[in-house]
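Participant: Each chain, written out:
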Amino acid sequence: MTPRNFTKWLPAIVIPAVIAVGALAVPLTAGAAVDLPDKTPAQVLALVGTSTVDALSGTIEQTSELGLPELPTTGPTASGNAGAASALELLTGSHTGRVYLNGPDNIRLQVLDNLAERDLVGNGSDVWLYNSKDNSAAHVTLPAKDAADTDATTHGGMATPEEVAAKFLAAVDPSTTVSVGTDGSVAGRSVYDLVLTPKTTGTLVGTVSISVDSETGLPLAVEVTARGQEKPAFRLAFTELSLGAPDASLFTFSPPAGASVTEQALPDTTSLDKKDAADHATMKAEAEKFLAGVTISGTGWDAVVELPAGSVPAELSSSPLLAQLTTAVTGGRVISTALVSVLLTDDGRVFAGAVPSERLQAAAVGG
Amino acid sequence: MSPSDPREPAVTGPAVTGPDSTGPAASVPEPTGHAAIATAVARPRGASGAALLGSELTVLFRRRRTWAMLAALAAIPVLIAIAVRLTSSPVTPGRGPAFLDRITQNGLFVAITALIVSIPLFLPLTVGVVAGDTVAGEANLGTLRYLLVAPAGRVRLLLVKYAGAAAFCVAATLTVAVSGALIGAALFPVGPVTLLSGDTIGVGESVLRSLLIAAYVTVSLLGLSAIGLFISTLTEVPVGAMAATIVLSVTAQVLDALPQLDWLHPWLFSHYWLDFADLLRQPIDWTSFGANALLQGGYILVFGALAYGRFVTKDILS
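Protein sequence lines correspond, in order, to chains A and B. Counting from 162, one number per residue, gives the positions in the first sequence under the working numbering. Counting from 1247, one number per residue, gives the positions in the second sequence under the working numbering.
Honestly, the hints are just simulated from the structure, not real lab data. Treat the numbers as computed from the prediction; the structure is a model and nothing was measured. Positions of the beta carbon are idealized from the N, C-alpha and C atoms, including for glycine. The reader is advised that the hints may include incorrect statements.
[What the hints assert, rightly or not] From the structure, some residues in chain A lie toward chain B, with a derived Cβ separation under 8 angstroms: (1) Ile176; (2) Gln271; (3) Ala277; (4) Asp280; (5) Val288; (6) Tyr291; (7) Val341; (8) Phe412.
All chains, full assembly: derive it from the sequences and hints.
Facilitator: Here it is in structure tokens:
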């Protein structure tokens, strides 16, 4: 190749190089060092407590690398276990959502799926859920708020944020080290990084980090990192945030034409008739019985929760989805993720905790 | 030589013995084929660029092949609409292509469903044919050297060829969108449109959003066109360039579907192809539009530079 020809090829070399440099440099500048005035953990917690942001619109991104297999989002399993699968699906994988808030009553959450969307619209006592995939809407009417109740929480004898912060720190002190990490930036805003580190080594959780906006005290990101891991196993963070009241039309919702609408009633405790009251009593008794069977061994981060035999519905424990998620160990089947392990013993008991599965097995044998 | 001169697609091109670039265009007998462009190139810069582009577009949109491809694209929404119209049972939500169940309620969704169906294969296929043919087609017919009589004509020719391919992207996308809207309006009721967020917008705004989606899809195809242009400069066999471009578009989509390669996904030109659904949210989510435009711009720059490097150093023998 002659030198003259070489110059003709220069753009083909320079342009990809510039793009590569740009692709590397942009994330670096975004994460450029931020230096905020130093604060103690108590001061950062107090900052959260004094946060008065009640109107915002933002984009949230959630990523989880729990080490679970990706759940199929289409196909028979997805529709078969709609409830459980969609809850699990939200916890695994990555999601982008948008959130709009205005005051305590107006909220809109949008989970942006591929070619689809799930919406939650709340204004006052009306809550709408909409799923574009099957064009279905659900409506829930919340019981009217007790005015006296609201008063009590907002005005009556509340502890100051500083006091609450101090109490919280004292309460977690035996199990957790609370520190303020390096200042960073989330969604273009400078943040304090509140880091909770478990004192015990018996748990899977390495650190929990909460990014607190330095101006408003709004928590902007939560990261949970597993012990010995570099990248967070779970991260929920704003990628865009603007403070200010969003368009009011976002908080009104009327089900679109052709949508299947279901009206869902909440059990209303104030207007129960006798039959309902009886039902309620049995439900309550069952719940109490259930709770009585639950034992928690240990305290703090490495606590293990034990559910008695029969607490898992048969259709769930025999589900092929569960078989896909679990691995067989001596004494039962285990779901182990980066942060949480669950042991389903052969006799039907369930052990769970943020601990390695070996500990659950030991607890199952010992208990 | 005006851009509207009737010229047959290239078949008559090789019959021309040589360019007549010296005499004023009006005084010489009409040259046929692409040799006509050579006379245009000899004119002053600005005028000749426009004339060259006009000539390129005329040749492109006079080709029977171009019309056949556009007709095939127009047939996609028609087929979808007729199939949905003729089936008696209602479409189950969540089955088949997205939005298929909405068509019976609102004909305007025919265009969107047709775009979703045609983005993975049909649109890249037609764009691959046009972009792969740009330079290789001329080389194959032996008309390329006539186009390059004027000095410094190669860069301009490359730009004009790319503009022609981009114009086809616009035409192809609009064909699907407009034919979908027309057949939808003819066979189904038209009314307020339900967005993904569950909000409802009027017909006027929905037309605006459809145009935005058409713009998004057009932008999505520009990167592929640049790749096609580069491949087209590598060979004198147009079919090879077309096939390579189309295979690349399929490969990119296959790679995009493999979760093991998720570090690569944001760099694939097909990564944002189906994200135009963000324009159907309330409020509109512009993030994917911006990311897509940036990505396609990068592909245009990189493959444009590669095509430039190849084309200006190439020995043109035919």
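Participant: For every hint, state whether the structure bears it out.
Facilitator: Hints and how they fare:
At a threshold of 8 angstroms, the smallest CB-CB gap from Ile176(A) to chain B is about 5 angstroms, leaving the interface hint in force. Restraint check, Gln271(A) versus chain B: the minimum CB separation of about 6 angstroms is within 8 angstroms; hint holds. Interface hint at Ala277(A): satisfied, since its Cβ lies 6 angstroms from the closest Cβ of chain B, which is below the 8 angstroms cut-off. Because the closest C-beta pair between Asp280(A) and chain B is about 5 angstroms apart, less than 8 angstroms, the hint holds.
The interface hint given for Val288(A) is broken, as the beta carbon of that residue sits about 13 angstroms from the closest beta carbon of chain B, more than 8 angstroms. The beta carbon of Tyr291(A) comes within 4 angstroms of a beta carbon in chain B, closer than 8 angstroms, and the hint placing it at the interface holds. For Val341(A), the interface hint is violated, the least distance from its beta-carbon to any beta-carbon of chain B being 32 angstroms, above 8 angstroms. Here the hint on Phe412(A) is broken, as its CB sits about 11 angstroms from the closest CB of chain B, past 8 angstroms.
Consistency note: the structure conflicts with the earlier hints numbered 5, 7 and 8.
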